[in-house]
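Chains Z and E are the protein sequences, given in the same order. Counting in the UniProt record's numbering, the first sequence runs without a single skipped number right up to 446 at its last residue. Counting in the UniProt record's numbering, the second sequence runs without a single skipped number right up to 259 at its last residue.
By construction, these hints were calculated from the structure, which means they are not laboratory data. Check the hints yourself; a few may be wrong.
Listed next, the stretches of chain Z that the computed footprint assigns to chain E, with coverage defined by at least 3 CB atoms under 8 Å from CB atoms of chain E [what the hints assert, rightly or not]:
#	region
1	144 to 150
2	287 to 300
3	318 to 327
Straight line, CA to CA, 30 Å or less: simulated BS3-like cross-link-like pairs of lysine-lysine [stated by the list, open to error]:
#	chain 1	residue 1	chain 2	residue 2
4	Z	K102	E	K123
5	Z	K273	E	K69
6	Z	K102	E	K97
7	E	K77	Z	K321
8	E	K241	Z	K429
9	E	K241	Z	K321
10	E	K123	Z	K422
11	E	K69	E	K253
12	E	K69	E	K97
All C-beta atoms, glycine included, are put in the ideal place defined by N, C-alpha and C.
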Amino acid sequence: MNAVAFQNGFKNAAITSVVFVILAGMMMGIQLIPSGTGLSIELAEPVRLETLAGAVLALFLFQLFREPLSGLWHNAKSALPLPEQGLAEALQTQGEKHPRLKQLAIAFLLAGLIIWPFYASRGSVDLATLALIYVMLGLGLNIVVGLAGLLDLGYVGFYAVGAYSYALLNQYLGLDFWSCLLIGGLVAAFFGFILGFPVLRLRGDYLAIVTLGFGEIIRILLLNWTSITGGPNGISQIPKPTLFGLEFSRTAKEEGNVPFHEFFGIDYSSGYKVIFLYLLALLLVVATIWVINRLLRMPIGRAWEALREDDIACQSLGMNKTAIKLSAFTIGAAFAGFAGTFFAARQGFISPESFTFIESAIILAIVVLGGMGSQLGVVLAAIIMTILPELAREFNEYRMLMFGLLMVLMMIWRPSGLLPMKRPHIALKESGNKQTSPVTQPAKAA
Amino acid sequence: MSTNNAYTLLDVEDLTMRFGGLVAVNKVKLDIQSGQIVSIIGPNGAGKTTVFNCLTGFYKPSDGRISYKGDNITGSKNHQISRMGIVRTFQHVRLFKNMTVLENLLVAQHRHLNTGLLSGLFKTPSYKRSEQEALDRASRWLERVDLKDMANRDAGNLAYGQQRRLEIARCMVTQPELLMLDEPAAGLNPRETEELDELICELRDHHNVSVLLIEHDMKLVMGISDHIYVINQGTPLANGKPDEIKNNPDVIKAYLGEA
Ligand SMILES: Nc1ncnc2c1ncn2[C@@H]1O[C@H](COP(=O)(O)OP(=O)(O)OP(=O)(O)O)[C@@H](O)[C@H]1O
Ligand SMILES: [Mg+2]
C-alpha cells in the first residue's frame, strides 16, 4: 500500500469513525432519566460505553485496512473451487439434461416432506406450516415484483382480504374452509383488480407509495369497522379446515359431524391437527408452484417479464401494458388471498395486527433475498426468513438489526439474490433443409 | 408484388408536433404505397424520429391526420396501431435484454398466441398448437437472420449487429404490413449494411411488407428507396425518386453538402 492510498484510507477511516461516534453516541451512549418534572441526560452504563468504544476501534481498523482485506477476500473467493454460479446453477443445468432424474428427485423430496411431520416435533411442524404460508406469499408477490417489476408495498392488504373473507363469511354465512379458500382467493383477486386499475399507470416509486397506502387503508378499515370486523379485537373461533367433513377437534363442534379420530377409531391427539394443517399448507404450496411454473412458460408470464424489461418495446409490439400489469397484480393478489384464508384457518383468530406494513416488508424481503423472479430462491428465502428468527430467539431485540445486516450482506455478496432466476431453455427443432429458404407466410389479402 | 394492385397503405397529412415552443415536426406530408420502400432523410435533429413516434402512437400529434389503409388512426394508442400491422424498430435497440433471443420472438407474437389462462395451465391442444406455430415462426426467422445458434442466449449478450437483426426479426414475427426502421444501419460495418440491404429488399419482395426507413447511410438509401422524403428542421424540404433527390440543390445545400 503506497503512502497516498494509506493517507486516503486513514482519512476515510477517521471520518467514518467520527460519524459513527456521533450517531451511536446519541442513540446508545446517553440516557434520558426522568428527574422530578423534567428529564436529565446521563451517560449510559459503563458496559455499553465500553462496547461502543470497542465498536469504534473495530470500525476504524476495518476501514483503514479495507482495501487489503477485500483484496484478500477476492483472492480467497477465486481460490475456492466453487464454480461461478454455484450449486443452484449446476442443479438447474443437471435438471435440464436429465428430466427423468429431476422428476425422481422432486418425487423423493415431496415424499420426504410428506413423511417428515410424523417424526418431527409438534413445534417444528407448526413452524414449518408458518414457513409454508410465507412461501406462498413470497411466490405470489414474486409475480408482481420479481416478474412484472411492479413494486407493491401493500401486498399484505390482499393477505388480509383473504383472511377476513374466510372469517367473515364463516361468521355470518357459516361457509366452510374449502369453499372460502376459493372465495378468499377470488375476493383478493377482485381487490387486486380494482385497486390496480387506477394505480398501474404510475411508475416505480409512485406506485410503491400508493400501494403502501392501499395496504394501510385496508388495515385501518378493518380496524375501524368495528360493527362488522370486530375492530382491534379481531375475529376469533374461526374453524379449522376439515378433511372431507371430518373435524380435528376432540368432539365435533357441528351437529352430526364425526371427529377424525373417532372415524378412524384411533386415540385423540392434537398432533393430528398440526400435521393436517402442515400437509394442507404443503398441498397449497405445491399447487402454487405448479401454477406459477406454468404461468412462467405461458405467453402471459413472458409478457410480464417483457414488460419489466422494456415497456415501450412491448407496446410497440402490440401488447396492452395496462392489461398485462393488471393481470400480474390480480393473479399475485389471488395467491395472497389463498394464503390469507389458510392463515385465518390455522390461527383460528385474526386481528388487523397481523397485517401491518412490516409483514409486507418481510414478504418483499423474501422476494429480494431469494432472487427476483426465481421460484426456488423465493422458497429458500421464505424458509430462512421464518426459521432464522425462531432459532435466534435470544436475539429477539436485535431481530430487525440482524435482518438489516443480512440484507446488506446479501447486497454485497449476491446482489441478484440467493438463486438468481435462470432463463428457460427452449429447444428448437432442426429444420430439414439447411439452405436459407425464404420464409413463406400465408399471403395477406391485398 | 405487382404494382397494378398497389394501394395506399399510409397517408399522412400536415403532421405537426410541438413540444412547448419547439415545433419538432411541421406540416409533414407523406404517403406510402403497398410494396414500397420509402425513406425519410434529414440532418440530425430534423424530426425524423419524432415523425415515427407520431405515426406509431407514442406521441399524440399536435395537428394533422394519419390514415392507414383508409382508416383514421390519428391519436390511437401505440399498441392498437401495432396490432393493425404497423411495427417499428428503435434508433437505440430496445430488446428484452435479460430474456433469451427465442423468448424475444415469442413475446412479440403475444397477440397471435392463445393467451387463455386455463387453456395454458392445462395445455389444451389449441394452446399447444398455437405455441408450436409461434416456435416454428420464430425458428424460421432466426434462421433467416442467422441467429438460430443463439436462440437460447440472452439477447443482451449478442453483438450489436446481431441485436439489430434480432430487432427486425422480432418485428417480422408479428406479421406486419408496414415495417418502420429507425436508422437500422447505424453502427453496422459495410458488410453488415449490405446484408441489411438484401434483407430489406427480401422483406418487401417476399413477405408483403412495405418499409418506411430512416437512415443516414446515403448509399443504402439511394439504392433501395422507391421514394424519399427530406425533412429539415421539422419542415418538408423535398420529396421524389432517389435521382431527383440526389440532384435537388436545396437538399444538397441542407444535407448532402454538409455530410
Ligand atoms: N419528447 C420530446 N420533448 C422535447 N423535445 C423533443 C422530444 N422529442 C424530440 N424532441 C426534439 O425534437 C427535435 C427532433 O428530434 P428527433 O429525434 O425527431 O430528430 P431526428 O431527426 O430523429 O435526429 P437524429 O438523426 O439525430 O436521430 C429535436 O430538437 C429534439 O430535441
Ligand atoms: Mg432519430
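Outcome of the hint check:
1. 144 to 150: It is violated: at least three residues are needed, and the region 144 to 150 of chain Z offers just 0 whose Cβ sits closer than 8 Å to chain E.
2. 287 to 300: holds (count 6)
3. 318 to 327: holds (count 4)
4. K102/Z <-> K123/E: 21 Å, holds
5. K273/Z <-> K69/E: 67 Å, violated
6. K102/Z <-> K97/E: 29 Å, holds
7. K77/E <-> K321/Z: Distance ~11 Å between K77/E and K321/Z Cα, so the pair holds.
8. K241/E <-> K429/Z: Roughly 44 Å separates the two Cα atoms, so the pair is violated.
9. K241/E <-> K321/Z: Distance of about 39 Å is beyond 30 Å: violated.
10. K123/E <-> K422/Z: 23 Å, holds
11. K69/E <-> K253/E: Given pair K69/E, K253/E is violated - Cα atoms ~35 Å apart, limit 30 Å.
12. K69/E <-> K97/E: Judged against 30 Å, a Cα distance of about 34 Å means the pair is violated.
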